[in-house]
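Asks: Protein chains in written order, with our numbering: chain L, 1 to 282; chain C, 1 to 301; chain P, 1 to 258.
Since the hints were derived computationally from the structure, they do not count as laboratory data.
It cannot be assumed that every hint is accurate.
Think about it this way: if two alpha-carbon atoms lie no more than 20 Å apart in a straight line, the pair counts; the simulated DMTMM-like pairs of lysine to aspartate or glutamate are [claimed, not checked]:
#1 C/13 to P/80
#2 C/195 to L/168
#3 C/200 to L/7
#4 L/177 to P/59
#5 P/65 to L/168
Just so it is clear, the structure is predicted and the values come from calculations on it, not from any experiment.
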Amino acid sequence: MKNRKLEEQIFNALMLASTLIVVGSLLAVIGVVIVKGAPALSLSMITQTSNGGFYLGGAGGILNAIIGSLYLISASISLAFVIGLPVALYLNEYAARSKSADVVRLCLDVLYGVPSIVYGAFAFTLMLILGARASLLWGIITITLLIIPIMIRGIDEIIRTVPSKLREASYSLGASKLQTAFNVIIRQILPGIVATVLLALGRGIGDAASVLLTAGYSDSIPTSLNSPVATLPLAIFFQLSTPYPEAQERAYASAIILLGIIVMLSLSARFCTSRFSKFVIR
Amino acid sequence: MFFAHEGMNKQTKNALASRLMQSVTILVSLFIFVMIFVLLLKAEPLLASKPIFELLFSSSWHPSRGEFGFYPFIIGTLTVTCIAMLIALPICFLAAIYVAEYATGRIRAVVNSMIDLLAGVPSVVIGVWGVLAIVPIIKVVGTDAGQATTGYSVLAGGIVLAIMVFPSIISVSQEVLRSVPVSMREASFALGATKWQTVKHVVVRKSLPGIIAAMILGFSRAFGETIAVLMVVGNVPRIPSSIFQPAYPLPALIANNYEDVMSIPLYDSALLFAALLLLLVVAGFTLFGRLILVRLQRRSV
Amino acid sequence: MQTITKPHIRVQNLNVSYGDTQVLKNVNVDFPRRQTTAIIGPSGCGKSTLLRSLNRLLELTEGVKLSCKILVDDIDIMSDSVDVTNVRKRLALIAQTPNLLPMSIFDNIAYGPRVSGMSWWNEIDGIDRMVERCLRASGLWEEVKDRLKEPASRLSIGQQQRLCLARALAVDPEVILCDEPTSALDPISAQHVEKQLQALSMDYTVVFVTHTLRQARRIADNVIFLYMGEVVEEGPAESFFSQPKSAVTKAYLEGAFS
């Protein structure tokens, strides 16, 4: 009896400790980055682009990276959404419960788990074969491919929670599958779609390995799809790799900026979810 | 009144839309094979000129001399991943049980939002933190323990990697735990078991396959993680002799050297071979994890 | 009073199975025009299945196999040349628990007409008059006329069910099919819905499934008694309840099983 009590107490303590470690690691990461980066955080960081001297510790900012990342992610998210939504709808409204749907989901699961460096290497291979140079276009292609599985999985999981009564109501009023999918299902899952898009956005904007090989880097804001583009994660990476402490400090500040964007996306996801649920049937 | 010709427009629109959506779906699912094929295409020259045994097991990495032994990199990846799993698995297992079974609703909500937040932190930022916080600590600890180290080590890589896989393992494990039906727990309580006994003998036992699947998926995530590890692991192509020594995982190899592919013959094939290896290993793990989940579902029905 | 007119719906040789279990065996029934027909029987004997085969909603269920001929005004609606979405508009179904669409009250009702071609944007297209007409016909107008744009999910369950009725009327059906329309409602709402169904049977053919005999006695003109997937007896309500012909029917009416 006493042994059992002791066992329970030990495990309780271990479980609590583990949870604290997990929570603590988040706080440690955010805390250290903020503390180290705050001194170098200034308005010029987000209003000026980097020029040659920036990486040697001179003046400038990472506006080029911020804008570059924004260009990149807006194009990728739009493409991934346009491709991903129909696939998720198809799997659930047209091919529901068929063997082929299972096979498709399996392929998508594998794609979901593929590391971003492999997506980068794949795009890089295409670039080698075609003789293309690193540019905004290739960055968009890579990130789009990376986030398509995330988009599809997110929307798919939400559609699966839609009660079948809803579909029945729509069909019994004479609606076709297409009409049901686009007028009823989408309306019901709207908050979930928004959350998925924001999640994919966060993933895409923070990924370095995929753009490392494909988007190049530049000190200026890209003027065309063929120009190389700076991205936030790479800006952080390159600033950190210089031997100059001022530049390194600004790397931490850039990390704060990137974190800030991600946190804002996370919060908007929560906020938007409630905002868009006015008509959702529970 | 009922006949098709009245609704012809609607029917053709439907058929067209459904064909279109089906084609996109098929294309997307075929993409994984396209990826494998393209990488294989470019890696082929290397595979044709060297026996696979040498590629995988030789430690001699001198691209300019035409020597491509991937062994140190494979070992590097495995070492870092295993260290990460050794750290992450027990912590995630215990934390998941605590949050799913013991924590109150409020605490659970807060902890889960923090886990979601952690999941969103980009690997660059974790890498930055690793360089700032972990590497110096390891330098001190290692030197005190008698091992001369710069702090850039597989241990640093493992710690950083563990933090990156915490969220996925914990959230999937939680889901599995919470899916154990209330009726089963009630049955246990009705027979006089304590909370801990119920958790230990009923809930965890029922969830074990799912949790193992979560861990396998976590392992596969860790295997391919690039940037954070790259920043703290040292990038020295030697087999580490201790956890305080540096190593050079496969993803880092690709990330660090892609710029030189045109200058050395067969270098591009080598790097893409590394990418192919990563892809196949990760795909294998994903399939394995899924297989377990399917077996689980079939048995419980 | 029974006039010899052609039945509105004729079901011929309906057989339905789910996997290996046969749920309906060789059902042959008629549904007279502009009258209320009740399908009664103990639970699990195929009542809902019969109802759902009438508007071809059954074929959407997984694993179902059915074969039959269903003639509506002498046209076989099961044939391939018939557009199934048209069938579902002509025979509107109201489910047991209200199944609202994730939209406002107004849009729920306007949905049916809109998917069959009425404009999605143009509310001046007579749609608001149509919505009002349907809400009045289902007895809901006074209660919701000031909040048509609110989410439908905010209504009480009795109001939701009447909304589903109004929504079904909006597609201008000829037949209204109800699957235990009041079993999920409180007595007062149930009364409301029953009243509306009675009023509607002057203009529509109404078919409803019920497991309460009293409800059938109250509002049915004709009765079909299903037991274990087979039609045991059918006919006008008066003679059915006062002089049942089969022993099984007698036993059921006396409450021997339910």
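Asks: Determine for every hint whether it applies to the structure shown.
Replies: Quick rundown of the hints versus the structure:
1. C/13 to P/80: Judged against 20 Å, a Cα distance of about 18 Å means the pair holds.
2. C/195 to L/168: 42 Å, violated
3. C/200 to L/7: Holds. Residue 200 of chain C to residue 7 of chain L sits at ~11 Å (cutoff 20 Å).
4. L/177 to P/59: Holds. Residue 177 of chain L to residue 59 of chain P sits at ~14 Å (cutoff 20 Å).
5. P/65 to L/168: 19 Å, holds
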